[in-house]
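Asker: Using the sequences plus the hints, can you model the full thing?
Residue numbers (the working numbering), protein chains in the order written: chain D, 137 to 508; chain H, 1059 to 1143; chain P, 383 to 552.
Fair warning: there could be bad hints in the mix.
Cut-off 30 angstroms, straight-line C-alpha distance, at most; resulting in silico cross-link-like pairs (DSSO-like, lysine-lysine) [as the list claims (entries may be wrong)]:
#	chain 1	residue 1	chain 2	residue 2
1	P	Lys468	P	Lys505
2	P	Lys505	P	Lys485
3	P	Lys468	D	Lys465
4	D	Lys393	D	Lys465
5	P	Lys509	P	Lys485
6	H	Lys1117	D	Lys482
7	P	Lys527	D	Lys465
8	D	Lys232	D	Lys293
9	D	Lys393	H	Lys1117
10	D	Lys200	H	Lys1117
11	D	Lys293	H	Lys1117
12	P	Lys527	P	Lys505
13	D	Lys200	P	Lys492
14	P	Lys492	D	Lys461
15	D	Lys480	H	Lys1117
Footprint (simulated), chain H over chain D, 3 or more residues, beta carbon under 8 angstroms [unchecked claim]:
#	region
16	177-186
17	266-280
Hints are computed from structural coordinates only; laboratory data are not their basis. A virtual CB, placed ideally from N, CA and C, is assigned to each residue, including glycine.
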Amino acid sequence: MAATRAALSLWRRLAALLGSLLGGLLAIGGVRAADLPEDTGEGLLHVYKGGGVTAAGPAFLVRKSVADRFSLTGSYYLDAVSNASIDVVTTASKYKETRHEFALSGDYVYRDSQITLGGSTSHEPDYTANRFSLDISQEVFGGMTTVALGFTRGDDKVGKKDSPEFSDTARHWQYRVGISQILSPRWIMSLNAEALSDDGYLGSPYRAAQVFGAAVPERNPRTRSARALMLRVNGDLGSRDAMHASYRYYTDTWEIKGHTLELGYSRYFQETWLADAYLRYYTQDKASFYSDNAQSETLYVSRNRQLSTFDNAAIGAKVSWLWRKEPGKYEVKFNGAYEFVHFKFKDFTDLRSGDKYAYSASILQLYVTGTF
Amino acid sequence: MSPLPRAGVAALLVLGATLLLGGCSSVSVPTVEPWVKPYERERLADPIMRFSRSALPEKHIEHVRDVREGSRGATGVQGGGCGCN
Amino acid sequence: MTPPSLVSRTLGLLAFALATLASPLATGAVATQASAPDFTLRTMNGPNLRLAEQRGRVVMVNFWATWCGPCRQEMPQLDRLYQKYKSSGFVLLGVNVDEDVRKATDVAAKLGVTFPVLLDTDKAVSKLYDLSTMPSTVIIDRDGKVRYLHRGYLAGYEDNYDKQIRELLK
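Answerer: What follows is the structure in structure tokens.
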């Protein structure tokens, strides 16, 4: 009840906010205008292999401008998952499952503003997730600053395989604000903040927690509120190369605190090659109710390793080859990306060996992009 | 919930707004003129300087991380670029 | 404090900030009815070209760069106008601001440009004209006075250019 009232007053506030914002945007004079995104066609083959899980599939994206001010984007994503992860092998048996996702969005450019409306739906045999989003971005200060606001609303339906009596829902809200600022002809930075809110069934009906050595179904809170803040800097280094650095801080009401640090370098070779290399480091603190093997009875308990204390380190590289280019007409590139990541858990035990769990994973992406 | 991120975000936004207002002639704040001219944006227009280059692979990798890590969000504003028109 | 309340407040602040940004930018050193600032630049083919020597003709100066999408879109349209009016006392000068001259030459050739392309590698003329947008198009009458200043390019602008050139050629 309180959640519904809060949601309604929130919608009213959001409507008022958007109204004032749009009014402000339309009142702004000047002949400057944001650029509509280019027409694009992308095809991707993605593979993830690690920790006993293999997930692979194709994905496609098409973006086409319509009537000079509108642009429509449609995408399809398929994930075929073969799961023999540590949770699955220690509590159940290996399974295969497929997830489909469709997304459609529209961009509208008016003077220096861009408005994007999007929706997506994701289907798995036991989980459906629907999302709706609205993003507004505005170029100000001679085009040196871009301010953006965004909102996403999600509705999920959670089911359980072979248990038709289990049915629950989850709702999500995300509010984003960001500023991108040109610092000099060679340096640009951006600061993004996001508030995330979740309500409903936020766990997994298949996962078990461990209390006094015995397996019990996990008990998660039915709400979660989070904040994330990310700072990014890109700099041109003068010899057809650039560096990238980013840091993200995350905190939520489950008492998880996460830090993400990424450093990257990109360089052009000859006329047609572009290569990137990066290092990424992630560390997090556990959720307040997480326990590898709880030694007391608590209201909430979970042994979900995603909520445990762990860190991971990754190294990645990307290569892009320009196949054909006609300036002002089209450009086609073939690309490959590979990442190797190692996870190390501090308070999640590998029940098969008794040691703290650790695993490595590889992520491979092969994709072709065409802009027209 | 720690008050620090909240205050930090609000402060940064107020700072940003003040900076932006500096470009407005109807408000009597000491004005700051944009110091990077439109004809000086050659390096910034290069795809190598974009925060986001290809939507699909980035979406995939963000999904891979969201599923395995506790942190989510704050990944996205584009900006910079050619700044034309 | 619940998430919506903090977020609404900060978003409300931002909406206010954006709504007050009603300023078009300073118009710069080039104002209509004033004399067009004179300059001399090297052309792509070699010899220098001076603006003041074009007195008596209607001159269109178009500032462009290879990295500017709308500029590349505009160039074929400008070339059409050049071909149409060059025998009536019209001259079109394309001022390129790329750092790499070879890239400019390459793109100009690919776009099939026939009007003179001048090289402003050190951005001195761009600064002189205090460009606030890329591309920028200045139309100068036979007496060397700036008559029209166009900032940016959207499809359809070339029809305006056509009308204005014809008017000044009379």
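Asker: Now, for every hint given, state plainly whether the structure supports it.
Answerer: Cross-check of the supplied hints:
1. For the suggested pair Lys468/P and Lys505/P, the alpha carbons sit about 27 angstroms apart, so the restraint of at most 30 angstroms is met.
2. Taking the CA atoms of Lys505/P and Lys485/P, the gap is near 16 angstroms; set against the 30 angstroms cutoff, the hint holds.
3. The straight-line distance between the Cα atoms of Lys468/P and Lys465/D is roughly 27 angstroms, inside the 30 angstroms bound, and the hint therefore holds.
4. Among the hinted pairs, Lys393/D with Lys465/D is inconsistent with the structure: their alpha-carbon atoms are about 47 angstroms apart, more than 30 angstroms.
5. The hinted pair formed by Lys509/P and Lys485/P meets the criterion: a straight-line CA distance of about 22 angstroms does not exceed 30 angstroms.
6. Only pairs whose Cα atoms come within 30 angstroms are accepted, and Lys1117/H paired with Lys482/D is accepted, the gap being roughly 28 angstroms.
7. For the hint linking Lys527/P to Lys465/D, the alpha-carbon distance of about 36 angstroms lies beyond 30 angstroms, and the restraint is violated.
8. For the hint pairing Lys232/D with Lys293/D, the CA-to-CA distance comes to about 20 angstroms; that is within 30 angstroms, so the pair holds.
9. At roughly 23 angstroms between alpha-carbon atoms, Lys393/D and Lys1117/H fall within 30 angstroms of each other, so this suggested pair holds.
10. A threshold of 30 angstroms between alpha carbons decides the hint, and for Lys200/D with Lys1117/H the separation of about 19 angstroms falls inside it, so the pair holds.
11. Our distance criterion of 30 angstroms between C-alpha atoms is met by Lys293/D and Lys1117/H, whose separation comes to about 22 angstroms.
12. With a CA separation close to 22 angstroms, the supplied pair Lys527/P and Lys505/P stays within the 30 angstroms bound.
13. Proximity of Lys200/D to Lys492/P is assessed by CA-CA distance (about 24 angstroms); at most 30 angstroms being required, the pair is judged to hold.
14. Only pairs whose Cα atoms come within 30 angstroms are accepted, and Lys492/P paired with Lys461/D is accepted, the gap being roughly 11 angstroms.
15. Of the supplied pair hints, the one linking Lys480/D and Lys1117/H holds, its CA atoms being roughly 24 angstroms apart against a limit of 30 angstroms.
16. Taking a C-beta to C-beta cut-off of 8 angstroms, the region 177-186 of chain D contributes 4 residues in contact with chain H, enough for the three needed, and the coverage statement holds.
17. Counting residues of the region 266-280 of chain D whose beta carbon lies closer than 8 angstroms to any beta carbon of chain H gives 7, which reaches the threshold of three, so the coverage claim holds.
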